[in-house]
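**Student:** Chains H and A, in that order, give the protein sequences. Quick note: to get this note's numbering, add 9 to the position in the first sequence (first position is 1). Quick note: to get this note's numbering, add 437 to the position in the second sequence (first position is 1).
No wet-lab data here; the hints were simulated from the structure. Please note that the accuracy of each hint is not assured.
[Stated by the list, open to error] From chain A, some residues computed to sit far from chain H (all C-beta separations above 10 Å):
#1 439
#2 450
#3 457
#4 461
#5 467
#6 497
#7 505
#8 512
#9 518
#10 532
#11 540
#12 548
#13 550
[Stated by the list, open to error] As a list, the in silico DSSO-like pairs of lysine-lysine whose alpha-carbon atoms are at most 30 Å apart:
#14 27/H / 58/H
#15 227/H / 552/A
#16 140/H / 227/H
#17 100/H / 524/A
Given the structure is predicted, the values throughout are model-derived calculations rather than measurements. For every residue, glycine included, the Cβ atom is placed at its ideal position computed from N, Cα and C.
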Amino acid sequence: MGEILIQCQDVWKYYGKKEALGGLNFQLSSGRIVGLLGPNGSGKTTLMKVLNGLLHPERGMVLIDGETPGIYTKSVVSYLPDKTYFADWMKVSDMFDLFQDFYEDFDREKAEQMCDVLQIQTNQKMKTLSKGTREKVQLILVMSRRAKLYLLDEPIAGVDPAAREFILATILNNYNPEGTVLISTHLIADVERVLDEVLFIQNGKVVRQEMVDDIREKEGKSVDELFREVFRTVPYGGGAADVR
Amino acid sequence: MEWKLDDSRPIWIQLQEQLTRMILTGRFRAGERLPSVRDLASEAGVNPNTMQRALAGLDAEGLTVTNRTAGRTVTEDDSVLDGMRAKLAHELIRQFYEAAEQLGYTREQALELLKRSGS
Chain H
10 MGEILIQCQD VWKYYGKKEA LGGLNFQLSS GRIVGLLGPN GSGKTTLMKV
60 LNGLLHPERG MVLIDGETPG IYTKSVVSYL PDKTYFADWM KVSDMFDLFQ
110 DFYEDFDREK AEQMCDVLQI QTNQKMKTLS KGTREKVQLI LVMSRRAKLY
160 LLDEPIAGVD PAAREFILAT ILNNYNPEGT VLISTHLIAD VERVLDEVLF
210 IQNGKVVRQE MVDDIREKEG KSVDELFREV FRTVPYGGGA ADVR
Chain A
438 MEWKLDDSRP IWIQLQEQLT RMILTGRFRA GERLPSVRDL ASEAGVNPNT
488 MQRALAGLDA EGLTVTNRTA GRTVTEDDSV LDGMRAKLAH ELIRQFYEAA
538 EQLGYTREQA LELLKRSGS
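Go ahead and model the full structure; you've got the sequences and the hints to work with.
**Tutor:** Shown next as C-alpha cells:
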C-alpha cells in the first residue's frame, strides 16, 4: 500500500469540439478501493476508457504502474465495461476459455467456484441468461483475475438491491489486496461503505479527492449527502416570473 | 454478528465501538482469537482497510494483543477490560446528565430522579 499506481496529469480528451476531460489531475495509490463519483456526463466512462487504453487523450500524461496504457498495462488492468460485450452464441465456459487465453492472471478455478455459488451453469449460452445474470458473469470474469488495477464502470447499475449486495461482497472478497479497485457509479449510498477514498469528478475535472472517513469526520455527513451538496442543481421553476 | 453502521460518522470508529462492546459483553472472551481482518470485513460489508484501522484501534487501547503466532487475541488483563467498562459507563452517565440538563433539570435533580426511578 502507498505506492503510486495511477498518475494523470493535465489530461484532455475531446469528442469533436466537446471536451469530455478538461485538464484532469489526480494520483491513486495501490491497495485501495476508490469510488469515481460524478453526475451523468461528467466524464466517468471516458476516464475509465482512457485508463484502460481504449481512448487516447489529446493531451496530458497517463501512467499506470509507471507505463502509458498499452500492452503491458492491459496485462495488469482488469476492466468491467458499462455494457456487456459477450456474443450471444457463446457459453459461459467459452468466455472462461477466452479469458484463459488472453490473461495470464485469470484464475479459472475461482471463476468456476463463483458460478457454482450462484448456481450459474457454465454450459449455458449467454443469450439464455437474464440481464442480471449476464452482468454477474461479467463481474466474475473480471474479479477472477489477479490484477493490479480493477476498473469497474457502473458495476451495480442494472441489478436489483440483493444482487448489488452480492456484487459488492464479490468485489470485497476477491480483489487482490495489493491492487486498487476503481468503481464508477452514481449509486453512492450503495457503495460508500466499501470505499476507502472518493474522487468527485465534474465537467471532466477532479473537483475533490478525499478519504471517506475523513469526509464523515470533518463534515459529519455521508458521502452521499456530500455528493448531493457538491453537485446540487437548482430545479427549473417552470418559468414563474421573478417576483420581488 | 450484528453490525449497525451509520454513514454519517467515520465507519472505523463505529466498528471499533462495536467490537469493544462485543469484547466487554463476552461475545469475544478473554484470550479468544478474533476472526481475520478479511472475515470480519466481509461480514460487516466494509473495506478490509477500514476494519484493519478499527482493529488497530483495539490494539492501541490494549483490548486486543497481536502476536505473530496466535494472531489477534482478546487481552487476558482484567484491569484493561474493567477500565474500558468504567470508561463506557462514565460516558453513559455524562450523556444522561447532559440530556437531563437540556430538559431543565439541575444535576442534583437529575440524580434524584435517577434514584427514584427503577428502584
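**Student:** If a hint holds in the structure, say so; if it does not, say that too.
**Tutor:** Here's how the hints hold up against the structure:
1. 439: 15 Å, holds
2. 450: Residue 450/A is in fact no farther than 10 Å from some Cβ atom of chain H, at 8 Å.
3. 457: 17 Å, holds
4. 461: Holds, since 24 Å exceeds 10 Å.
5. 467: Non-interface label stands for residue 467/A: nearest chain H Cβ at 30 Å, farther than 10 Å.
6. 497: Label holds. Min Cβ-Cβ 16 Å, cutoff 10 Å.
7. 505: It holds; residue 505/A is separated from chain H by about 19 Å at its closest Cβ, greater than 10 Å.
8. 512: Non-interface label on residue 512/A holds, nearest chain H Cβ at 26 Å vs cutoff 10 Å.
9. 518: Per Cβ check, residue 518/A is outside 10 Å of chain H; nearest 27 Å; holds.
10. 532: Fine: 18 Å to the nearest Cβ keeps residue 532/A off the interface.
11. 540: The claim holds: residue 540/A sits with its nearest Cβ about 24 Å from chain H, beyond 10 Å.
12. 548: 31 Å, holds
13. 550: Given that every Cβ of chain H is farther than 10 Å from that of residue 550/A, nearest at about 31 Å, it holds.
14. 27/H / 58/H: 17 Å, holds
15. 227/H / 552/A: Violated, because 39 Å separates the two Cα atoms, which is more than 30 Å.
16. 140/H / 227/H: With Cα atoms ~40 Å apart, residue 140/H and residue 227/H exceed 30 Å; violated.
17. 100/H / 524/A: 60 Å, violated
When held up to the earlier numbered hints, the structure conflicts with 2, 15, 16, 17 and fits the remainder.
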